[in-house]
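Asks: Each chain, letter by letter, is given below.
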Amino acid sequence: MTRTPLRPLARILHARSQGQNPDTIERENLRARHEEIRERARGRAQLRLLFLSLCFFSAFTVIGARMGMLAATEPMEPRTASNGAEITAGRADIVDRNGRVLATNMLTHALYVQTKDLIDPAHAAAELARIFPDLDEAVLLQRFTDGRKFLWVKKVLSPEQMQQVHDIGDPGLLFGPREMRLYPNGQLAAHVLGGASFGAEGVDSAEVIGTAGLEKAMDQRLRDPAQAGTPLQLSLDLTIQATIEEVLHTGMVMMNAKGAAAVLMDVQTGEIISLASLPAYDPNNRPNPVLPKGAEPGDSPLFNRAVQGVYELGSAFKIFAAAQAMDLGLVNPESMVDANAPMVWGKFKIKEFENHNYGPLLSVSDVIAKSSNVGTAHIALMIGGERQQTFLKALGLFDPSPVELIEAPYAKPIVPKRWPDITTITVSYGHGIAASPLALATAYATIANGGIAVTPTLLKRNAPMEGVRVMSEQTAAEAVKMLRRVVTEGTASLGEVKGYEVAGKTGTAEKPRPTGGYYDDKVVNTFAAVFPASNPRYVLTVTLDEPVETTGPKPRRTAGWTAVPVAAEVIRRTAPLLGLKPQVEAVGLDGLTAVSN
Amino acid sequence: MRPILYVLSFLAVMALGFWAYRENYATQAALREVATLQDDIAGLREGLAIQRAEWAFLNRPDRLRELAVLNFDRLGLMPMEPHQFGTPTEIAYPPPPVAADLVPEDGLADAVDVSGSLPEQTP
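Chains as they are written, first to last, in this note's numbering: chain P, 1 to 597; chain G, 1001 to 1123.
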């Protein structure tokens, strides 16, 4: 744009010569310029207004059109919704690692009463009491006639019962569809599954909520409508779980124990193949026992010994001290340590089992094989309390297990608050510190996994897990070798299973009295096993609560006599199911040898 | 010309109206059928879920174990044991056929004479 000067020289000179005021020219030009600027601004503003009104117009058109469309369409249920499996599965199924059903849903009916529609309340009450023996006729009749309009009678009916109620023929008796949680395997894996019950109830449906175990811990996932069609796959193996529960039950009866627990874990993935706790219950009909006063929580069948049972696990802890000392380079398996019993530390006296003395010197490997308290104590003193705590923490023995069970976070290991030297000593042989059998299995899995920490899980994992390294691979291998010696020539000789190179460590701990001190005749026996020792794949812990072996002249309560044979039988039965081939010369099969004539 | 156009367009409107009428009812019938089918599917799914539950219930390990014990005489089922593992190399080859086996029992009537040698048998 060319800018016209305000005082063009030619016009000024001309005006001056005419005797006119040249300022009028300037004013005139200034006015013209201002007019031009105003004109431009108005044009721009108009354009903006137009654009804005267009925007508003299109926005309101869209909204209006959508409203019109919504108003014009007939209301109907979305039809594509019934294409999926959601219609039958309000709650996702739970299956084992091979896809066998552990928990599913079944459609049943609930019975309710609209009292104002009842023709003959007395007859209905009498008939209902006949069909359901647990109902009382007088109470029913009283409820039918006390003025209420609506009443639930039964939460779940079988088809036969439903037919019988139909046959009463009273229009006041009505049925509401109910989805029921069903555990087809009964008591199997009861403590893992937990149980389910009804939450908010309506006439047409009721929500099913988990009440314990995995059902409660994974409630969000199981109730998620988007994933209702995909079953939740667990790491458990139904066959192995059944076998372990069977063997464990036999073992529990034979060893006169009041309870037993077993955990079988894959050391590479941390998957729990089996988690058993006995006595069990039926999750279809979860009991609600009232324990007598002064009973332990473990006396309830609902108690999951493998996860909630926080016990002092005794000598099974010794391998941790030995492994750490080796990892720190303080000792090697052949180093001789002081094992002269009894050892006096301050006012405490540390003795061996049955007042043995394995000393004066014992190699580290023999300390583990013979389960020497004094030897372990000396190793632990070399390590020192601080480093010992760090190591045990890294093995996960200080924190509740991260497994997917609602009970797990509440089962905190009992760890001493102060850590003087005497604690270092007692903890090294598993006293004064309490952990669950699952935590012990996890710690052993870390050793068996070449020293890489393992996170236990009940959900199927497809890839080996990644963890932090707790000890060197060499240390872990040496530790497994020591554990192998415990079975071949130490306290767990009954644990040998031909072909599977069982390695493990026994643990016997007296139960603490509620009043302080320890019982003489109540023990918790543990055997933590790793197999096969040459290439560890699985860890098994077997725990027996108050066992006593009575075949000998006097009752035996050491783990070597109780938990170890049970664990051996478990391994003998489950290892083939796990697909592990024994390292033995197979017997030639009949009829298949070449015959020469 | 114009009246023909009028008649044609009137007929076209009639035809389109008839077509729309039929389509409307066909659509409604199809929707009804879909609804019934979906009810059927839901029913079948429900049945399937129950059958699955029943299958799982009938195959529960406790029951299978009892059945294996009950029918031990007939089936001889035992728990899996470590010694049952083997390798393919442990299976012996079947013995090579013996000359007599190659001759069919009743086939000598129409036998033909051939000469040759059977492969040497290794003991």
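Hints are computed from structural coordinates only; laboratory data are not their basis.
The structure presented is a predicted model; accordingly, all values stated were derived computationally and were not measured.
C-beta: ideal position from N, C-alpha, C; glycine also.
Mixed in with the good hints there might be a few duds.
Said to hold, decoys possible - Chain P regions said to be covered by chain G (calculated; three or more residues, Cβ under 8 angstroms):
{"id": "1", "region": "104–111"}
{"id": "2", "region": "182–189"}
{"id": "3", "region": "334–340"}
{"id": "4", "region": "489–501"}
{"id": "5", "region": "572–582"}
Asks: If a hint holds in the structure, say so; if it does not, say that too.
Replies: Comparing the hints with the structure gives:
Using a Cβ-Cβ cut-off of 8 angstroms, 4 residues of the region 104–111 of chain P lie near chain G, which meets the minimum of three, so the contact claim holds. Requiring three or more residues with a Cβ within less than 8 angstroms of a Cβ of chain G, the coverage given for the region 182–189 of chain P holds, as 5 such residues are present. Proximity of the region 334–340 of chain P to chain G, defined as three or more residues with a beta carbon under 8 angstroms from a beta carbon of that chain, is not established by the 0 residues found. Here the region 489–501 of chain P counts 4 residues with a CB under 8 angstroms from a CB of chain G, which clears the bar of 3, and the coverage holds.
With 7 residues carrying a beta carbon less than 8 angstroms from a beta carbon of chain G, the region 572–582 of chain P meets the three-residue requirement, and the given coverage holds.
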